[in-house]
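The listed protein sequences derive, respectively, from chains L and W.
Count the first sequence with this note's numbering and you get residues 117 to 562, in order.
Count the second sequence with this note's numbering and you get residues 13 to 306, in order.
These aren't lab readings, by the way, just hints derived from the structure by calculation.
Simulated pairs of lysine-lysine, DSS-like, Cα-Cα distance not exceeding 30 Å:
{"id": "1", "chain 1": "L", "residue 1": "K336", "chain 2": "L", "residue 2": "K397"}
{"id": "2", "chain 1": "L", "residue 1": "K454", "chain 2": "W", "residue 2": "K132"}
{"id": "3", "chain 1": "L", "residue 1": "K454", "chain 2": "L", "residue 2": "K198"}
{"id": "4", "chain 1": "W", "residue 1": "K132", "chain 2": "L", "residue 2": "K198"}
{"id": "5", "chain 1": "L", "residue 1": "K454", "chain 2": "W", "residue 2": "K234"}
In this text, all values refer to a predicted model and were calculated from it rather than measured experimentally.
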Amino acid sequence: MRLRTFPKGGVHPSENKISAGETIQVLPIPSRVQLHLGQHLGAPAVPVVSKGDRVRVGSRIAEGKSFISAHLHSSVSGTVAKIDDVIDASGYRRPAVVIDVDGDEWEADIDRSPELIREIKVDAETIVERIKAAGVVGLGGACFPTHVKYIFPEGKRADTVIINAVECEPYLTSDHRLMLERADEILVGVQILMRAARVESAIIGIEANKPDAIEIMSRKARSLPGIEVIPLKVQYPQGAEKQLIKALLNREVPSGRLPLDVGCVVNNVGTALAVYEAVQKNKPLVERVVTFTGRHLPATGNFLVRLGVPAADMAAHLGIELDEETAKVISGGPMMGKAIAGLDVPVTKGTSGIVLLSESHARRHQVQNCIRCSRCITVCPMGLEPWLLEKMAQLDRFEECESAGAADCIECGSCSYTCPSSRPLLDFIRYGKVNVMRIRAARRQK
Amino acid sequence: MNPVIVYSVVVLGLVAAGAAVILFVVAKKFKVDEDPRIDEVTEMLPGANCGGCGYPGCRGLAEALVRATDKGDLGGLMCPPGGNETMARIGEYLGVAVEEAGPTVAVVRCGGSRAKAPAKLEYDGPERCSIAHSLFAGESGCAYGCLGLGDCVTACDFDAIHMNRETGLPEVDEEKCVSCGACVTACPRNLIEIRPLGRNGRRVWVACMNREPGGVARKACKAACIGCGLCVKACPEKIQAITLENNLAYIDPAKCIACGLCIPVCPTGAIQATFEPVKPKPKAAAAATAPSGS
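The shape of chain L in the complex, shown without the other chains (with noise of 0.2 Å):
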């Protein structure tokens, strides 16, 4: 049988899936955490306490006021030391909430018994409710807050659940290792989400490259209705939307719009796990599984890791100094992560990977001409010209840039990673999004 996939551009990148082997490790907790008030897309959340208060695990400490906002909840317990700007991942300061640790007591309320509870007892709104009060959002990377995608806009209707457990992005390993290991309890989650979305079929995505996640989780899906596992060919980006969407039901999401205009509602699986953690055990999003990585660390791994430890923990953990040979330290995968000022940076709810990059993988080659071979045309996934956005974005020409599609590019490098002239195209045709949107909502004022 030929495996499914989208059918337009992308690329198949080395998978490197080193830590694949490695079970999940539960990182010890440090001393002090940072939580930054603006883990997620939206606006970012209020803190709720000050300076001094105690806190548990799981006290809601910010609050998410607008409408794409989320809450954020206490890691560990202790003494908040101060709300102040603390460094991200970026280098800039933002607002955070600094704790100072004594012990790891839990909010009472919260049901920490590893027993899998089938049974959903509540409905819809509740569900939508609880996931809200828990915090959670996407945790592919992108952080959307998960209870907004499901408050359904007037007239709309979802007739899918996808569950995206691709994880096309090379190294990473998080998603993989949840699959193996905590089956039952993300499957339980899937069966709250087709609840929530008020349908009555979810489809598991996974990439063939996880031969043994697919086995396990088609096994277990097996007595559950309505959920289907669906092994696709490996190919980059393939865990971005619509290109999964794509890939599972063949439906093209229309360009400006949300995947619910065509009936579906996308979430990762690890965002699967965590609403089942929220509304069967009352448990808000304070840790997520992140994935240590690099090709030339003598040791790898993945670790449940609290929100607001600094990656550098999980290095000690691994029993890995940062030395000459780590050239690039990347928050998130290789194709669409961040490259970062060093391993002091806390992790947050989007942190899916820490990847280390060497010297001759970190390297970005020597910038030459465009000879217009196309390459970038036919590998990207969105059908866009990506030398001609970037030529525009260099010249400044923004009004070009959005005629051409610029808005409509889901950065996923493909273009830049296909280069063969080494070109900067994603760079410049995110200058040229950022400002085609600057431009865009300037117009929606006048």
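Chain L is already provided as a structure; the job is to place chain W on it using the hints.
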């Protein structure tokens, strides 16, 4: 005669005559009356279309000038590259009084040279400040300082700003700068300010925009303003040109007399000055004891 030639001549002649009539009628009927002064004023302007006046090109300013003349007040309209001379000529032509503006120059408000703010990271993305600014705080870690990739240099139409390879900071060529403000807009960190040239070219400014508390600012850059306020105290009581806000000192050029008293008291050397008179006078040159800025 070949009938083909005859037909061609006749048909084409008729078409030409018809078209001429249409063109004539259209030109008469849809004629846009334009003030001839606009063309004249446009001619007088430098024609660089730099946008420093805030209008789209020289013709835009010319239109605005003519419109303002009809109201009887130029209301601060000014061509920065043309300067007072050009404005005086235009004022004379239009028959309105032109306020004389003092000469101004672009000033770079960052002292984070390679030596003062050493790079802790290496940026290997595209050489554009606007892109680097959107990605990270900067190689030195100062989120307010110069990124050194030269967006201001690209923006300048007058070849008046250049990167100093040694310091990694842009330098303004006072002779060429027409203070059009293109670099001010181009800098994603708002580091460039148009300031009065100062009497005899004497001017003092705080070469830092870092609004972090002193400790944080100092960590990234040895030349950062730490907001200690010593300069505020050093400024003569009658003048009080220096204000301290958000951990950052600012010298108001309208009040500053360029006495230079604040320069030696600054513990980080964040205050820069240029005490090089445009027309050297023996007295002024003798007073130039303070370190001259870049």
